[in-house]
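Engineer: The residues making up each chain are set out below.
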Amino acid sequence: AQSVAQPEDQVNVAEGNPLTVKCTYSVSGNPYLFWYVQYPNRGLQFLLKYITGDNLVKGSYGFEAEFNKSQTSFHLKKPSALVSDSALYFCAVFSGSARQLTFGSGTQLTVLP
Amino acid sequence: KAGVTQTPRYLIKTRGQQVTLSCSPISGHRSVSWYQQTPGQGLQFLFEYFSETQRNKGNFPGRFSGRQFSNSRSEMNVSTLELGDSALYLCASSFSGAPSYEQYFGPGTRLTVT
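Chains as they are written, first to last, in the numbering used here: chain V, 1 to 113; chain X, 114 to 227.
Please keep in mind that the hints were generated in silico from the structure rather than gathered at the bench. Please note that a few of the clues may not be correct.
[Said to hold, decoys possible] Using 20 Å as the maximum straight-line C-alpha spacing, the simulated EDC-like pairs for lysine to aspartate or glutamate come out as follows:
| id | chain 1 | residue 1 | chain 2 | residue 2 |
| --- | --- | --- | --- | --- |
| 1 | V | 58 | X | 215 |
| 2 | V | 49 | V | 64 |
| 3 | V | 22 | V | 64 |
| 4 | X | 126 | X | 215 |
| 5 | V | 49 | X | 215 |
| 6 | V | 77 | V | 64 |
Same shape as in the complex, but just chain V:
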């Protein structure tokens, strides 16, 4: 069975500082990895994905994520955080065999002015 772990429920960072939101996964076969963001009373918005190729994936709003196969991790990063980045972030894995997205529990990111 596939699974995703987001070990931090809450991440606080000062505006202008770099941010990292952690994600580890477990899946049989090749992983397809995604990051989504959810603002209050909104659906999920796609940020970026890793399918194959370069381990560093660049996405929307200046976010990027690094795929590390040996550590089975897919951490989300941004060099300089904005207050407007404050939201709930979800990591997800898609397994070809299961044919479904499995989400992590989410990490609430708060960027302090």
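We have chain V; now place chain X onto it with these hints.
Structural biologist: Same frame as chain V, now just chain X:
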């Protein structure tokens, strides 16, 4: 291009009733997936439809069902509502459902069961 739309946005029902939620995917998308989001269980996959056929189903009781129409619009139905069914129900559309195509989510329907 219009995004995924879900109706209604908010719904209040009483235990034992049934409810139908609607989802209109992005034009050209043929795969529609449904998810339940609750504070305790997080985001859980309900089912996926592609070309009017259910391709995959999550671990939910048979009270949860769905269908997809020829125009790719989808509905999900929950019968005999329970208090625990209170949740945000999210619909997502994708071109084909393959992992290379990301899913686009609607704003959700907030269901409250009293």
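Engineer: Now tell me, hint by hint, if it's right for this structure.
Structural biologist: To see whether the hints hold, each was checked on the structure:
Between residue 58 of chain V and residue 215 of chain X, the direct Cα distance comes to roughly 15 Å. Compliance with the 20 Å bound is thereby established for this hinted pair. Annotation: proposed proximity of residue 49 of chain V to residue 64 of chain V holds, straight-line Cα distance about 9 Å (limit 20 Å). Taking the CA atoms of residue 22 of chain V and residue 64 of chain V, the gap is near 12 Å; set against the 20 Å cutoff, the hint holds. Distance check on the hinted pair: residue 126 of chain X and residue 215 of chain X sit about 33 Å apart at the alpha-carbon level, beyond 20 Å; violated.
A hinted pair counts as satisfied when its Cα atoms are at most 20 Å apart, and residue 49 of chain V with residue 215 of chain X qualifies at roughly 8 Å. For the suggested pair residue 77 of chain V and residue 64 of chain V, the alpha carbons sit about 5 Å apart, so the restraint of at most 20 Å is met.
This entry does not satisfy hint 4, going by the numbered hints stated previously; all others are met.
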